[in-house]
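Please construct the entire structure, taking both the sequences and the accompanying hints into account.
By numbering that gives the first Met the number 0, the letter at position 233 of the sequence shown is numbered 232, and the numbering carries on one by one without gaps.
No wet-lab data here; the hints were simulated from the structure. Using N, Cα and C, we set each Cβ at its ideal position, and we do this for glycine too. There could be a bad hint or two in this list.
Label pairs and their in silico Cβ distance ranges [as the list claims (entries may be wrong)]:
#, residue 1, residue 2, range
1, LEU242, THR354, 57 to 63 Å
2, ARG59, GLU96, 26 to 32 Å
3, ARG57, ALA343, 43 to 49 Å
4, ARG171, GLU216, 47 to 53 Å
5, ALA304, THR98, 26 to 32 Å
6, ASP177, ARG57, 47 to 53 Å
7, GLN275, GLN325, 29 to 35 Å
8, ALA335, GLU113, 40 to 46 Å
9, GLU114, ARG37, 38 to 44 Å
10, GLN365, ALA343, 20 to 26 Å
11, THR272, LEU242, 24 to 30 Å
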Amino acid sequence: MELTQRELAMRRSDVAYGTAALPAAVLDAIGACAEACRATLRSLEGERERLRAVLDRRIRPAPDGPARRLCAVDGAHATVPAAGASFAAIAAAAVEEATLTDQDVLVHLLPPVEELESVLGGLRSVLELRLLARRIRATTSGLFVLDGSFYSLLLEINRLLVRYAQDHRAGRPPVWWDPFRPLIEGFFQDEDWRLVLECRRVVAHPKSATAADDVLELAPHLSGTVTDRTLWTSVLNPGEYSLPVHLIRRDRPHLLTGYRNAAIADFRERRATIEQGYGQLYVLYYRPDGSGPAYRLELPAALIAREPLGAVLATFRGALRVSSIQEPLPQFLADAICRQLGHALAATAEGARTTLQGEFELGLVQRYLGPYRTPRASP
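Encoded structure:
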């Protein structure tokens, strides 16, 4: 017998607090999510021509140019928490075409640290930029693509520097900073960040682009459900791009709020240089073909003129070699290499436990290096 919607709703309410509460909630959520997506898709489909007409002055056919060698830089970090310490690792890799050209890895044992993920995220960003600067100095041609947004890098490093300044304020920083201090100090002394920001061969490609400035301005009713990348994917025809706009659209003084960082020499001057570099960064959306999305690209002012931009877009398009991978192949490979870090760190932690069990009483090793919570059963 077929049940009415009212009867289904009554049955669901009867089991809302029983053994079937979770399945019922999941079924309800599926329906609600599908309805929300349906409304968004209808709006995008129905308003495409209106939005395209509004954005017409910012849409251009993509210029063509010579394709160059593409090198992608990506990084990752991982932790294996233990009862008395945490194994932590950070890695960065550079892949040119299909060859791993450079890599950096840091592995350390740390005491329990609040906001460890935030600290490691900032250190990972510093390691990525330091490796990228090294690759820039080692080559005179080609194009570099940085995985992520220049702005997300700014936020990650800013959080790191704020914590770094706090811990160094009293002149007695925690000893766990010791292995990372050369990385941070060298990063600023060698002006790696400035070099990356001013280089005419670096673009950033954030795969998870969250900016929604155009959505808020042109389609505020879609705010919270789509991003600018989704909007431009709907509006752009294959082979078109949006005219570049400033990455920093609003006045944001002191973007690098760690400027009071007394632990880093001449930080105020270095901050001014970095903020000036961010003022010369632009954003565009590019849709190479009809089967894929629009891509968000962040690039310096030197690359937005027609001739160099044509080479950038041709290089990016040429690196989209696998239809099921919606990113340049070198970027995909760099990401895949770095994601193995978690497995390697888990093996490192297990190896350390096994080694020490031959020297110390098993219970002592487990109390210090054992899991900090009850291990989950294997499925």
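The hint says 40 to 46 Å between ALA335 and GLU113; measuring C-beta to C-beta, is that right?
Since the Cβ atoms of ALA335 and GLU113 sit about 31 Å apart, the hinted range of 40 to 46 Å is violated.
Could one say that the CB atoms of ARG57 and ALA343 fall in the range 43 to 49 Å?
Holds, since ARG57 and ALA343 (Cβ atoms, about 45 Å apart) stay within the stated range.
Determine whether the Cβ-Cβ distance between ARG59 and GLU96 falls within the hinted range of 26 to 32 Å.
With Cβ atoms ~29 Å apart, the hint holds.
Could you tell me whether the CB distance from LEU242 to THR354 stays inside 57 to 63 Å?
This hint holds: roughly 59 Å between Cβ atoms.
Beta-carbon spacing of GLN365 to ALA343 - inside the hinted bounds 20 to 26 Å or not
Since the Cβ atoms of GLN365 and ALA343 sit about 22 Å apart, the hinted range of 20 to 26 Å holds.
Given a hinted range of 47 to 53 Å, is it respected by the beta-carbon distance of ARG171 and GLU216?
holds (49 Å)
Can you tell me whether the CB distance of GLU114 to ARG37 sits inside 38 to 44 Å?
holds (40 Å)
Note whether the CB distance of GLN275 and GLN325 lies within 29 to 35 Å or breaks it.
Holds, at about 33 Å.
Just to be sure I understand the hint, the distance between the Cβ atoms of THR272 and LEU242 should be within 24 to 30 Å; is that true here?
holds (27 Å)
I want to verify a distance hint. Is the separation of the beta carbons of ALA304 and THR98 within 26 to 32 Å?
holds (30 Å)
Between the beta carbons of ASP177 and ARG57, is the distance compatible with 47 to 53 Å?
holds (50 Å)
In summary, the one numbered hint that this structure violates is 8.
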